[in-house]
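Keeping their order, the protein sequence lines are chains B, W and V. Here the numbering used here is used: the first residue of the first sequence is 123, the next is one more, and so on. Here the numbering used here is used: the first residue of the second sequence is 40, the next is one more, and so on. Here the numbering used here is used: the first residue of the third sequence is 13, the next is one more, and so on.
Derived from the structure by calculation, the hints contain no laboratory data. Mixed in with the good hints there might be a few duds.
Keeping only pairs whose Cα atoms sit at most 27 Å apart, straight-line, the calculated DSSO-like set for lysine-lysine is [to be verified]:
1) W/K147 - W/K82
2) W/K206 - W/K147
3) W/K147 - W/K136
4) W/K147 - V/K168
5) W/K136 - W/K82
6) W/K142 - V/K127
The following residues of chain W were derived to be distant from chain V, with all beta-carbon distances above 12 Å [said to hold, decoys possible]:
7) G74
8) Q243
9) G245
10) T246
11) V302
Some chain V residues well away from chain B (every beta-carbon gap over 10 Å; in silico) [unchecked claim]:
12) T55
13) T227
14) V476
15) L496
The beta carbon of each residue, even a glycine, is placed where N, CA and C say it ideally should be.
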Amino acid sequence: MSEAHLTNEFQYSSAGHRAETAISGMWLFLATEVLFFGALLLSWIYCRHWNQAGFDAGARQTQLAIGTINTVILVTSSLVYSTGLAFMEAGNTHRLIQCCAIAWGLGVAFLILKFGIEWHRDFAEHLFPGQDFAISGSLGGGARLFFVFYFVSTALHGLHMIVGLILVGWIILRARRGEFSFIYFTPVVVVGLYWSFVDIVWILLYPLIYLVGRGS
Amino acid sequence: MTLWLPEATTSAPEVDYLIFALVLISCAVLALVFGLLLLYMFKYRAGSSVDRGTLAKKTWRLEAAWTVATLLAFFGLFVWGADLYVRLFQPPSDAMKIYVIGKQWMWKVEHPGGQREINALHLPIGRPIELIMTSEDVIHDFSIPAFRIKHDVLPGRYETLWFQAEKVGTYHLFCTQFCGVDHAQMTGDIVVMSDSDFEKWLEQNGTSETLAVAGKTLFMRYGCSGCHGGNGIGGSQSGSTVRAPALAGLYGSSVTLADGRVVIADDRYFRDCVLLPDTQRVAGYPPVMPSFAGQISEEDLLKIIAYIKSLAPEKPS
Amino acid sequence: MSATTIETPAPAISYLTDGFTLRSWLLTTDHKRIALLYLGTITIFFFIGGIAAALIRYNLIVPEGMIASAETYNRLFTMHGVVMVWFFLIPAVPVTLGNFVVPLMLGARDLAFPKLNLASWYLFVVAGIVAVYSLLVGGVDTGWTFYTPLTTEYSKGHVVATVVAIFIAGFSSIATGLNFIVTIHRLRAPGMTWYRMPVFLWSLYATSVILVLATPVLAMTLILLVFERIFHIGVFDPAIGGDPLLFQHLFWFYSHPAVYVMILPGFGVISEIIPAFSRKRIFGYKFIVWCSISIAVISFLVWGHHMFVAGTSLYSALVFSILSYMVAVPSAIKVFNWIGTMHKGFIRFDAPMLYAVGFIGLFTIGGLTGLFVAALAADVHLTQTYFVVAHFHYVMVGGMVSAFFAGLHYWWPKITGRMYPEMWGRAGALIIFIGFNLTFFPQFILGYLGMPRRYHSYPPEFEVLNVLSSAGATILAAGYLLPLAYLTWSLFHGERAPANPWSATGLEWTTQSPPFTENFDETPMVTDPPYNYPPFEVVRGHV
Numbered sequence: 123m124s125e126a127h128l129t130n131e132f133q134y135s136s137a138g139h140r141a142e143t144a145i146s147g148m149w150l151f152l153a154t155e156v157l158f159f160g161a162l163l164l165s166w167i168y169c170r171h172w173n174q175a176g177f178d179a180g181a182r183q184t185q186l187a188i189g190t191i192n193t194v195i196l197v198t199s200s201l202v203y204s205t206g207l208a209f210m211e212a213g214n215t216h217r218l219i220q221c222c223a224i225a226w227g228l229g230v231a232f233l234i235l236k237f238g239i240e241w242h243r244d245f246a247e248h249l250f251p252g253q254d255f256a257i258s259g260s261l262g263g264g265a266r267l268f269f270v271f272y273f274v275s276t277a278l279h280g281l282h283m284i285v286g287l288i289l290v291g292w293i294i295l296r297a298r299r300g301e302f303s304f305i306y307f308t309p310v311v312v313v314g315l316y317w318s319f320v321d322i323v324w325i326l327l328y329p330l331i332y333l334v335g336r337g338s
Numbered sequence: 040m041t042l043w044l045p046e047a048t049t050s051a052p053e054v055d056y057l058i059f060a061l062v063l064i065s066c067a068v069l070a071l072v073f074g075l076l077l078l079y080m081f082k083y084r085a086g087s088s089v090d091r092g093t094l095a096k097k098t099w100r101l102e103a104a105w106t107v108a109t110l111l112a113f114f115g116l117f118v119w120g121a122d123l124y125v126r127l128f129q130p131p132s133d134a135m136k137i138y139v140i141g142k143q144w145m146w147k148v149e150h151p152g153g154q155r156e157i158n159a160l161h162l163p164i165g166r167p168i169e170l171i172m173t174s175e176d177v178i179h180d181f182s183i184p185a186f187r188i189k190h191d192v193l194p195g196r197y198e199t200l201w202f203q204a205e206k207v208g209t210y211h212l213f214c215t216q217f218c219g220v221d222h223a224q225m226t227g228d229i230v231v232m233s234d235s236d237f238e239k240w241l242e243q244n245g246t247s248e249t250l251a252v253a254g255k256t257l258f259m260r261y262g263c264s265g266c267h268g269g270n271g272i273g274g275s276q277s278g279s280t281v282r283a284p285a286l287a288g289l290y291g292s293s294v295t296l297a298d299g300r301v302v303i304a305d306d307r308y309f310r311d312c313v314l315l316p317d318t319q320r321v322a323g324y325p326p327v328m329p330s331f332a333g334q335i336s337e338e339d340l341l342k343i344i345a346y347i348k349s350l351a352p353e354k355p356s
Numbered sequence: 013m014s015a016t017t018i019e020t021p022a023p024a025i026s027y028l029t030d031g032f033t034l035r036s037w038l039l040t041t042d043h044k045r046i047a048l049l050y051l052g053t054i055t056i057f058f059f060i061g062g063i064a065a066a067l068i069r070y071n072l073i074v075p076e077g078m079i080a081s082a083e084t085y086n087r088l089f090t091m092h093g094v095v096m097v098w099f100f101l102i103p104a105v106p107v108t109l110g111n112f113v114v115p116l117m118l119g120a121r122d123l124a125f126p127k128l129n130l131a132s133w134y135l136f137v138v139a140g141i142v143a144v145y146s147l148l149v150g151g152v153d154t155g156w157t158f159y160t161p162l163t164t165e166y167s168k169g170h171v172v173a174t175v176v177a178i179f180i181a182g183f184s185s186i187a188t189g190l191n192f193i194v195t196i197h198r199l200r201a202p203g204m205t206w207y208r209m210p211v212f213l214w215s216l217y218a219t220s221v222i223l224v225l226a227t228p229v230l231a232m233t234l235i236l237l238v239f240e241r242i243f244h245i246g247v248f249d250p251a252i253g254g255d256p257l258l259f260q261h262l263f264w265f266y267s268h269p270a271v272y273v274m275i276l277p278g279f280g281v282i283s284e285i286i287p288a289f290s291r292k293r294i295f296g297y298k299f300i301v302w303c304s305i306s307i308a309v310i311s312f313l314v315w316g317h318h319m320f321v322a323g324t325s326l327y328s329a330l331v332f333s334i335l336s337y338m339v340a341v342p343s344a345i346k347v348f349n350w351i352g353t354m355h356k357g358f359i360r361f362d363a364p365m366l367y368a369v370g371f372i373g374l375f376t377i378g379g380l381t382g383l384f385v386a387a388l389a390a391d392v393h394l395t396q397t398y399f400v401v402a403h404f405h406y407v408m409v410g411g412m413v414s415a416f417f418a419g420l421h422y423w424w425p426k427i428t429g430r431m432y433p434e435m436w437g438r439a440g441a442l443i444i445f446i447g448f449n450l451t452f453f454p455q456f457i458l459g460y461l462g463m464p465r466r467y468h469s470y471p472p473e474f475e476v477l478n479v480l481s482s483a484g485a486t487i488l489a490a491g492y493l494l495p496l497a498y499l500t501w502s503l504f505h506g507e508r509a510p511a512n513p514w515s516a517t518g519l520e521w522t523t524q525s526p527p528f529t530e531n532f533d534e535t536p537m538v539t540d541p542p543y544n545y546p547p548f549e550v551v552r553g554h555v
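Go ahead and model the full structure; you've got the sequences and the hints to work with.
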């Protein structure tokens, strides 16, 4: 273990103690994110309860194909990262870097599909709930509400993905500098937790955006 | 400086009893707390040689005792407050309904006979009165301290409060939900009068038409009769091509909605039907009623609802 | 009174002498220095909020309002609320006393994430700059509660700027809470089991749980608010099927637990001071610690009591009322336990103890008046009046600010290595107690009589009580300026403090005053229960 990791170690009884501390910090941070997105999801469910027809009218306008492809991309990205972590546990930094790079690339693909293509089309079809919103009439109110949730949730999720990409990139850089070994790779675990969480948020958003109400 | 607030309604004294009991309990607890603090600060000050003896080892009995005592007292207070609250907000069915619309920064009041007031409300004593209130813009709050009653007034929905005034006099009306620059100016007078004085006031301030009569004109102008029929007898009866529910006699009865819910056709129901018909699709009828959101003002809407309420059902022939 | 007669020399090395450059302060990761950085920042905000308060009370001297413009008054009370809530009360004890004392009390060298600690201060400063900017360009006039649709559609104030400031401050809160939780779980000295931790640590733990779980909900609420304000379309708009009450539910879901964030650390401070100045073990230690935890838990279940006349259902009102009574029970138990601690103690009347006793009195009044507003029918009459204003000022100012001053005076010797002048300390405590009661007690009466809150002008029959209240406020202001003066003075001329001027228990008192950067030479080993004061026979000989 290099000296760089020995600051403040006065109070850690062992390297394992220090690693556990960092990991528990990330779990606690994820708990705050659960409350953050949870508030949004609960508000969504509440508003949908009172405006079902309008929400469904909005849901029918979402782009199921892109949404589904993106879900596959993100789940794969999480899986690949976890594979990289497994390699790291066995000491294989080289494979870690490769897996992180693939996970990173998949993340970028998600963002391009989501914001470059899907949002672009959404705006072109006047689905942003502004002046010239596409759906009018009695369902217009509920549809507008649906799209408020759609844009807010996808924007926030996208922001979290960008942060995740920065973190994964940071892991790649540190791994290439030789900072990880089978004895010490705590940051890889911590970033992995965050990246998986971003994935889970999407898994909750996907049915709310693309599936619920589509069939009605 | 006044330290006394009139108790102008039947329920005001009940609220005061509760508050007074809370004051008494608080004084007792405070006497205990301050008393013990001062006693101990004196008796057990560092320089005093009073015998401290041995300390109690097991303290949990004392802890449990004062915890249970506190819980019981609080439960009693909860029940008292809750019971009174429920009665404060459940108007009797025969209450006279008066409509209130709050907007920045004034109160508009409409009596069923068509009399209108701004920042004032004339009332008779001895009769239960229900206020049906909405806002045209932000959230306000209609508050009459002398009646010990208030309720928020929201845009997009009706809120109600009720009371029975017992003391003739003029009392403050305040807006008590911050609503912008002139929130502090959104005040008025509640004028409680004897029955005969109130009748005189109604006559002197009457307009040519009651709310219901004005509502009839609007019912036609907005095209409601086109589907619901003149006098609200229903689409199929009136020869309309649309099968729309009959409205006559509907007020106060149960309605089964398309999603299976059963609701009571009250003021809120009618308002939602007009503004948000999608939320109130009635079972057995086509979902074709358009929304009038943004097209009907609050004042026109309550006149139309008053008209609908006045419609008696057709006698079966 | 401190028993030192020997002149204590200044320690040669301390965290204060460990680097004198600006860089060594602005890039420090030492929890003690960060605590001082925070202390400076929140003091500034306390005085900004205090000036707003002074202007509010000045305005209310006459019924028509001394300040001509209602718009100005509305912006003043909004900024008073925003600054005091988010930039003073919520951070105060945790980021100053907590940051300084927690590692020392635990026997640790620093918090678990020292760099995160520094980052949280920078976030707070950025948030503060945005808040001051918003203030300077005219502020906002919606009340600190930001109810929609006033904030989304009608307000002409700088809603977005103010909300952004609060949003950033929220991240600072979350970081602090996260740091404390992990630190308390993981960095306790060997032998310090949970039940050997002083109550202050349990209180900060409970506070941190609330910070971490409630603040994110505020963040989301503010995002939805800003979206609606900017795009004029949103989930709180009844015209499209949204619900203004949804805002209130989301807002209060955070803001109610937030008030317990404000008071729980205060409870912790008082729980340290009463045993120290009674030279006696705290009464009912386990009850007190579990009361702290249960307050944190139940605090999440009572938010609806701010909405008894807002348009929620009768059933929800009933549920929230009974739960609100439940949350009051643990606080009552604490008051009884503190008094029980004083029973048969050896009580000294140094400034921290005077503030602490003042706290018990003022907090009890505030807490009892909470019972009034928890009672549904009484709340209908009293809500939105000065009664509620008096209630929350009694708990937050009479309670929390007194506790903050108590803790500041108690740990001042440890933080600065100097004693404050005792007589001035006691004078300050007394002036604050008297000034506070004069300011806020009349407001209970005003509220019962019906005077609404947030009113720039009022009916003439309320004038006398308002004048009384404003007169009290001048005394209170003097009471708050006094410690600023003598504490600053003590930094340069105060008597040097020994390691343990109060002869108190707790690991923080085993190290020098002020501590050196690493806190301890060797990791302490803990074998004693907390508040392990010696038996009476021994104490009596040493008083």
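Consistency of the hints with the structure:
{"no.": "1", "hint": "W/K147 - W/K82", "result": "violated (63 Å)"}
{"no.": "2", "hint": "W/K206 - W/K147", "result": "holds (23 Å)"}
{"no.": "3", "hint": "W/K147 - W/K136", "result": "holds (14 Å)"}
{"no.": "4", "hint": "W/K147 - V/K168", "result": "holds (24 Å)"}
{"no.": "5", "hint": "W/K136 - W/K82", "result": "violated (64 Å)"}
{"no.": "6", "hint": "W/K142 - V/K127", "result": "violated (51 Å)"}
{"no.": "7", "hint": "G74", "result": "violated (10 Å)"}
{"no.": "8", "hint": "Q243", "result": "holds (27 Å)"}
{"no.": "9", "hint": "G245", "result": "holds (31 Å)"}
{"no.": "10", "hint": "T246", "result": "holds (30 Å)"}
{"no.": "11", "hint": "V302", "result": "holds (14 Å)"}
{"no.": "12", "hint": "T55", "result": "holds (28 Å)"}
{"no.": "13", "hint": "T227", "result": "violated (7 Å)"}
{"no.": "14", "hint": "V476", "result": "holds (46 Å)"}
{"no.": "15", "hint": "L496", "result": "holds (34 Å)"}
Comparing the model with each numbered hint stated earlier shows that hints 1, 5, 6, 7 and 13 do not hold.
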